[in-house]
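Here the sequence shown stands for residues 11 to 513, where the numbers follow the working numbering.
Hints may be right or wrong, so weigh each one.
What the hints assert, rightly or not - Okay, derived cross-link-like pairs now, DSS-like style, lysine-lysine, Cα gap no bigger than 25 Å in a straight line:
#1 Lys401 / Lys483
#2 Lys479 / Lys401
#3 Lys479 / Lys383
#4 Lys483 / Lys383
Keep in mind the hints are simulated off the structure, nothing from the lab.
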Amino acid sequence: MPAPRDPVRATGRPEQTPWRALVPILGVALVFRLAMASQTIVHQPDEIWQYLEPAWGRLTGHWIVAWEFHEGIRGWLVPMLLTPSLALGHAIAPDTMLHLWLTRGLLGLLSLGVVASFFAMGERISRQHAIVAGWVGAVWVEIFYFAARPSGEGIALSLAVPALYLAMRLRERPSIRLAGILGLLLGLTFIVRFQYAPALALIGLLAVSGDPRRTLVPLAGGSLAAIALGALADMAAGAPPLLWLWRNFAINLGENRSASFGTQPPWWFVTQIGTTWHVAALALLPSLVAGARRFPFVAIIALVVIASHSLIPHKEYRFVILAIALAVFLAAIGSVDLWKALAGRWRAAGRLNPTITLCVLWFLLSAVVGATKPFSAYWGNGRAANTMLAKAGRVPGICGLALFQEPDLPMANYTYLNRSVPVALLEGRRSAASAQAMEPAFNVIIAPRLSAPELPPSYRQVECLQQHKAPEKQKFCLFVRPGICTGGPGDFDYNTVLRRLGH
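Take the sequences, apply the hints, and build the full model.
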């Protein structure tokens, strides 16, 4: 294997790769991301409650308000940025899910910057490294799965990886303009996912280390401009500017509210990554180590993301998607070096086209990870609940919706319902009596299949999802009665009940 070099310290330019080599890779990446954008799945409820639903509320005036907004621990920049695409989709086809497809599709487009950055960073070594790294950014399941997600982690990934590439360029070729752009990217990433602050600080230090006098001021200016945008978004929503940052720390860590959603040991991220990659780790880990020799600074940033999040009691796999993506990039780079070493010792490997072979192998590894547990469970997250909400919204003449003994709180959201009608929540031991008393207030009910005998007799079952499951596991059935709605949900209003239950 040729002696590795650190591209961050490189002074010369590697061989140039024509831009045409990137175009088909971006095309494949776009196909995967648009496919994800068309899916009803929601990886984690925060996608709805923290981003889509408040954006929909700004657009229509109707939204289910999660506890985080009552406590003021969430910023408004991302919901504000999502509102135009939701509005455009709703204006073009108001009776469809175009507003969601368009929003997720645009986020998928934004994530093409990750693919292009992987390609450009690989190009610092060779054409082959560029193509393999770009291809992996396009088809690796953990990257494209989160690419079209309206989540802080997915959006932060799409911003932070291009920022890392710009930092490498700035270290070698200081530029006031690029420093300002990098500062803007870093500031936006901080507003979107402030937990990445230690990694973002390292990226900034890398950028200014080449010529601090020329790059520090525009980088700081770009960052402050992004933070100012976050403050303006908060004020536009009627919230104190940036106060949510402090309240997030005070409530989630000071009052330990986040721990109520579950806690994990410090080593959980490492074991979870290993569990997710499982058999693929046999190829990924050696390649990752080889790639880290080429890009040690990238490896340090990935480790910092994992280490800083390991200190927080409540952990979720999505929290460290930036570290996972960077680790996969390093493995892509290292796989090229390892293949070259293998080809020098194994004659059969030398007769294969290394670039095509590696791209095929990476695609197969991605398929293995995506098709096996635990990752395979992600493909159905939230599908049934949100599909049923969308179906309820399309019931002709719907004038009120009730959710009866729903399995998880919260579930209802106006983003998928796509109708500005009152929504009631009937739960607890008195839910059957409440349904009888409140019958005039709604004409559509979503309820578990076995709850049908407890509903008013005027309702007929229209459809149940997940009919391949046993009746007791069919939690989302649609019940409709003829006629109009009179009165309102009153104390059974969905938001009112959520607040009463602490959600």
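Restraint status (C-alpha distance of Lys401 to Lys483 at most 25 Å): 19 Å, holds
Does the structure keep Lys479 and Lys383 at a Cα separation of 25 Å or less? Within the cut-off at roughly 20 Å; holds.
Is the Cα-Cα distance between Lys479 and Lys401 25 Å or less? 20 Å, holds
Mind checking the alpha carbons of Lys483 and Lys383 for me, to see if they're no more than 25 Å apart? 21 Å, holds
When held up to the earlier numbered hints, the structure conflicts with none and fits them all.
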